[in-house]
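Q: Assemble the complex: chain A is given as a structure, and chain B must be docked to it using the hints.
Residue numbers (the numbering used here), protein chains in the order written: chain A, 18 to 450; chain B, 119 to 279.
If you are wondering where the hints come from, they were derived from the structure by calculation, not from laboratory data. A portion of the hints provided could be inaccurate.
Calculated pairs, DSS-like style, for lysine-lysine (alpha carbon to alpha carbon, straight line, at most 25 Å) [unchecked claim]:
(1) B:K273 x B:K192
(2) A:K201 x B:K273
(3) B:K125 x A:K91
(4) A:K161 x B:K125
(5) B:K217 x A:K201
(6) B:K188 x B:K216
(7) B:K273 x A:K239
(8) B:K138 x A:K201
(9) B:K130 x B:K158
(10) B:K192 x A:K91
(11) B:K216 x A:K201
(12) A:K29 x A:K239
(13) A:K91 x B:K273
(14) B:K129 x A:K201
(15) B:K152 x B:K192
(16) A:K64 x A:K316
(17) B:K192 x A:K201
(18) A:K421 x A:K294
Below are the chains, spelled out letter by letter.
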Amino acid sequence: MEKVVLTRNFGKPDSHTLAVYEAGGGYQSLRKVLASWTPQQVVEEVKASNLRGRGGAGFPTGIKWGFVPKDSPKPKYLCVNADEGEPGTFKDRHIMEQDPHMMLEGTILSAYAIGSQTAYIYIRGEFVLAGARTEAAIAEAYAKGYLGENILDSGYSLDIHVHYGAGSYICGEETALIESIEGKKGWPRVKPPFPAVEGLFGCPTVVNNVETLANVPLILEKGGAWFAGLGTEKSGGTKLFTISGHVNRPGLYELPMGIPLLEMIEKHAGGVTGGRKIKGVIPGGASCPVLAAHELDIKMDFDTLMAAGSMLGSGGVIVLAEGTSMLATLLNLERFFAHESCGQCTPCREGTRWIVQILERIERGEGTAGDPDTLIDIAEHMAGRTVCPLGEAAAGPVKSFVSKFRDEFLPSPGSETGPAGAARHARAGGQEG
Amino acid sequence: MQQILPKKEVKKLLGRYPNKDAALMPLLRAIQMKEGYISKEAEQYAAAILELHPSRVREVVAFYSMFREKPEGKHLILVCESISCALLGSETILEHLKKRLGIGIGETTADQHFTLETAECLACCDQAPAVMINDELFGPVTPEELDRILEEKQKAVDSGQ
Chain A
18 MEKVVLTRNF
28 GKPDSHTLAV
38 YEAGGGYQSL
48 RKVLASWTPQ
58 QVVEEVKASN
68 LRGRGGAGFP
78 TGIKWGFVPK
88 DSPKPKYLCV
98 NADEGEPGTF
108 KDRHIMEQDP
118 HMMLEGTILS
128 AYAIGSQTAY
138 IYIRGEFVLA
148 GARTEAAIAE
158 AYAKGYLGEN
168 ILDSGYSLDI
178 HVHYGAGSYI
188 CGEETALIES
198 IEGKKGWPRV
208 KPPFPAVEGL
218 FGCPTVVNNV
228 ETLANVPLIL
238 EKGGAWFAGL
248 GTEKSGGTKL
258 FTISGHVNRP
268 GLYELPMGIP
278 LLEMIEKHAG
288 GVTGGRKIKG
298 VIPGGASCPV
308 LAAHELDIKM
318 DFDTLMAAGS
328 MLGSGGVIVL
338 AEGTSMLATL
348 LNLERFFAHE
358 SCGQCTPCRE
368 GTRWIVQILE
378 RIERGEGTAG
388 DPDTLIDIAE
398 HMAGRTVCPL
408 GEAAAGPVKS
418 FVSKFRDEFL
428 PSPGSETGPA
438 GAARHARAGG
448 QEG
Chain B
119 MQQILPKKEV
129 KKLLGRYPNK
139 DAALMPLLRA
149 IQMKEGYISK
159 EAEQYAAAIL
169 ELHPSRVREV
179 VAFYSMFREK
189 PEGKHLILVC
199 ESISCALLGS
209 ETILEHLKKR
219 LGIGIGETTA
229 DQHFTLETAE
239 CLACCDQAPA
249 VMINDELFGP
259 VTPEELDRIL
269 EEKQKAVDSG
279 Q
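So that you can see chain A by itself, here it is in the shape it has in the complex (with noise of 0.2 Å):
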């Protein structure tokens, strides 16, 4: 790894304890803030560091900050998005395992710096091992003073409670996240009102991603100038990158922002198994349009790939070898929508069970010369017509596969056959969460 920033703690023996935590210089910049700072110079800090949202939609974290009004009567809530849940991502998972106090740390400076007294950890359900250690590492900082009444006698008081998701990808997307907090089913919300001003019981709310608020205690020990000469020129810092598929190595990556995708597949990730040629790559987890193997020499950040047509997302990298179906693998992934959409929307709702009908279709070798527009049809039908972004993630796969490999939606598909991947599923389309 070129810059260990994030992942410095990570392979320590017991790193994920506060004595771990506190010998590598952690809670030092809580400590200096409390003592001197007012939250405004936070934010300051935090905006000149071009620290951008690490969840997926990449928002400028201290601009997303500053929508808070500062005279609202009401309390303030911070909830820190640790539902993490996008296919081949496993960032989040990892910082909670192996270093939850730095989440912490970071959870504590952004709740001050907006003027939170309350704030909600929502943990995937699954995640047995890092729910432990984030509980395990919130009792260490109450009793070590970090949490509570009068934080190392600044005057600044803050609770923090963990809150399990039971099972729904849908609860990723912020106001669904919210809702879920408020103890309903997870649909998300029309906005505006945005969380900043009508959020969590209907108070000013932010809700960050665990990797963003990871960043905020180096931000602050070393400054917002040398936190952005990190990365690229609107985005800064390194970023977790987890890799997946067909790889040598796969694994978790810290590397910085704006590395090109070829360096980290074949440098640190080992290169494509059996010695393949690539044939495409998911570049940020599985809502993010296919790149073709014409189109991986490429920078991955957040500005690069939005003009290339697909996203960095949550940074989650899927390589996908030669001899791998994309018929099977956009049904996978349309399979995964089809039952994390939540069913307020009609478009979303309806349209990806069409699809995954459409392309089981297909695969029975049933389809029709018109297939191929018809699954475009309908994802253009959908993106941008929706509450939340679930549509939109559903659709960029669908045109991207389609578009690129058009072939293999054709009622002869060409010579490649199926991975073992497209593993039958149950519940396809079905709309129980």
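A: Below, chain B without anything else, positioned relative to chain A:
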């Protein structure tokens, strides 16, 4: 009505939120951890504690896939079949388990030891293909390794652990 959880525990859960409704998910989670699933009686109990209409509770139990509405086997086997695991053979793993256990997806063996389910991405794509058995994650797994793991689990059940 039967008190499923100690009053103290309920009070602690309620104390985390400014209103009662918000405690619904942690309450259901606690009930499921204690009883293994959420029965119709448990839904009534949660509704009574939180002063909610029972249909509000029903809706939440039905929406979230981890809330289980019937008793399951002692070991719940989740086979991840999202894309990274699928690329590396989750279908083979699933077929092997179906054959070995003699059950389909969503079913439980006659001796109530094993329930087989599929799961969406468990966020361990670096360990693909991955399988979760109760709270434990295994990966990358082969059919042979799974046989060995299941034999150990079977022994643990047989010896009353």
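Q: All hints are to be evaluated individually against the structure, with a verdict given for each.
A: Hints versus structure:
1. B:K273 x B:K192: 12 Å, holds
2. A:K201 x B:K273: Violated, at about 40 Å.
3. B:K125 x A:K91: Violated, because 30 Å separates the two Cα atoms, which is more than 25 Å.
4. A:K161 x B:K125: It is violated: about 29 Å lies between the C-alpha atoms, which goes past 25 Å.
5. B:K217 x A:K201: Violated, at about 38 Å.
6. B:K188 x B:K216: 20 Å, holds
7. B:K273 x A:K239: Violated - the C-alpha atoms of K239 (chain A) and K273 (chain B) are around 54 Å apart, more than 25 Å.
8. B:K138 x A:K201: 12 Å, holds
9. B:K130 x B:K158: Holds - the C-alpha atoms of K158 (chain B) and K130 (chain B) are around 24 Å apart, at most 25 Å.
10. B:K192 x A:K91: 47 Å, violated
11. B:K216 x A:K201: 35 Å, violated
12. A:K29 x A:K239: 22 Å, holds
13. A:K91 x B:K273: Given that 25 Å is the threshold and the Cα spacing comes to 56 Å, the pair is violated.
14. B:K129 x A:K201: 20 Å, holds
15. B:K152 x B:K192: 13 Å, holds
16. A:K64 x A:K316: 23 Å, holds
17. B:K192 x A:K201: Violated - the C-alpha atoms of K201 (chain A) and K192 (chain B) are around 29 Å apart, more than 25 Å.
18. A:K421 x A:K294: 17 Å, holds
Hint compliance for this structure: hints 2, 3, 4, 5, 7, 10, 11, 13, 17 are broken, all remaining hints hold.
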